[in-house]
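**Q** Given the coordinates of chain A, work out where chain B should sit on it, guided by the hints.
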Amino acid sequence: MWSTLVRWYHQLGSPRYFYRFSTVVLPWLWVLAIVLTAVGLVWGLAFAPEDYQQGNSYRIIFIHVPAAGAALTGYVAMGVAGLVALVWRMKMAEIMIRAIAPFGAVLAAVALLTGAIWGKPTWGTYWVWDARLTSMLIMLFLYLGVVALMKAIEDDRQGARAASLLSVVGVINVVVVKYSVEWWNSLHQGSTINLTRETTMPAEMLVPLLVSMAGIYLLFAVSVLVRARAEILRRERKSRWLQEEV
Amino acid sequence: MYFESFEAFLQMGRHGAYVWSAYGLSLLLIVASLVSAVRAERGARQTVRRLRQRANNAGENAK
Chain A
0 MWSTLVRWYH QLGSPRYFYR FSTVVLPWLW VLAIVLTAVG LVWGLAFAPE DYQQGNSYRI
60 IFIHVPAAGA ALTGYVAMGV AGLVALVWRM KMAEIMIRAI APFGAVLAAV ALLTGAIWGK
120 PTWGTYWVWD ARLTSMLIML FLYLGVVALM KAIEDDRQGA RAASLLSVVG VINVVVVKYS
180 VEWWNSLHQG STINLTRETT MPAEMLVPLL VSMAGIYLLF AVSVLVRARA EILRRERKSR
240 WLQEEV
Chain B
0 MYFESFEAFL QMGRHGAYVW SAYGLSLLLI VASLVSAVRA ERGARQTVRR LRQRANNAGE
60 NAK
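Residue numbers (numbering that gives the first Met the number 0), protein chains in the order written: chain A, 0 to 245; chain B, 0 to 62.
It is worth saying that the hints were derived from the structure and are not from the lab. Please note: incorrect hints may appear among the correct ones.
[Stated by the list, open to error] Listed next, with one range per pair, are the computed distances between beta-carbon atoms:
1) GLY23(B) with LEU186(A): 22 to 30 Å
2) TRP87(A) with VAL34(B): 29 to 37 Å
3) ARG41(B) with GLN10(A): 23 to 31 Å
4) GLY12(B) with LEU31(A): 16 to 24 Å
Backbone N, C-alpha and C fix where the C-beta goes; we use that ideal spot for every residue, glycine too.
Next up, chain A with everything else stripped away, as it sits in the complex (with noise of 0.2 Å):
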């Protein structure tokens, strides 16, 4: 088990053999994406039953808590990945890096927005600057930061310290938005779904979430796969292995 991790993880870290993973796996991942987020936002949407307390606005679920819990988990893996460029300065952690920024930034302005909407008809207002609100909020701010970071800084392997310094300290943060509603009061709800504890959920609700955001997190990996090959594209484009592929 152990030795087979080490294997994919140096197989992956080559921009050749990902190259060629990505070709292979992506077209399935494509359908596969589209086809859950399809299913789960319809499914939530028209089929699942109306919340007794909020009526139909409580369907924002299906894709506000996908999107943040996407947002959370694309950044402590862009952490991670900040801290393997930081200490081995492997260049495919330096090139997930600039492909999970991107997207992340976008779902998490999607929990923000969506999650503004929600509020007016729920709590009355659409913002208040409670502790959950808040450091979600810094946390797109430090998803653009990365990716302005990348962008301006000239020199590919300087911009990727940077950003990586940057990801590895911003994933306090990402321990501040998950404990938030825990530590502190505050107007939003507390977790839906618990690992630990039982789902306050019922199985109609349950289900269309669960697989909105499955599909909600193969658009993420999608989007990482993509925009990492763009990357490979860009970096290694004298090299003789790279224009035999393409």
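**A** Frame of chain A, contents of chain B only:
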């Protein structure tokens, strides 16, 4: 379908405007980001093809 008619589905009780604007904005952002990613990849691939072409031509001329 949970709703009794298509109008009821669009209206979502009193919450149609909230639900549909939330989904519309989300879809717009997600699709725009994916399209820009695909374009970037395609553009980079074309650049590599052009470089290969140039390298091949240079090789031909040297012969």
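**Q** None of the hints should be skipped; say for each whether it holds.
**A** Consistency of the hints with the structure:
1. GLY23(B) with LEU186(A): 22 to 30 Å: Hint holds: Cβ distance 24 Å, inside 22 to 30 Å.
2. TRP87(A) with VAL34(B): 29 to 37 Å: holds (34 Å)
3. ARG41(B) with GLN10(A): 23 to 31 Å: holds (26 Å)
4. GLY12(B) with LEU31(A): 16 to 24 Å: violated (33 Å)
In terms of the numbered hints stated before, the structure departs from hint 4 and from no other.
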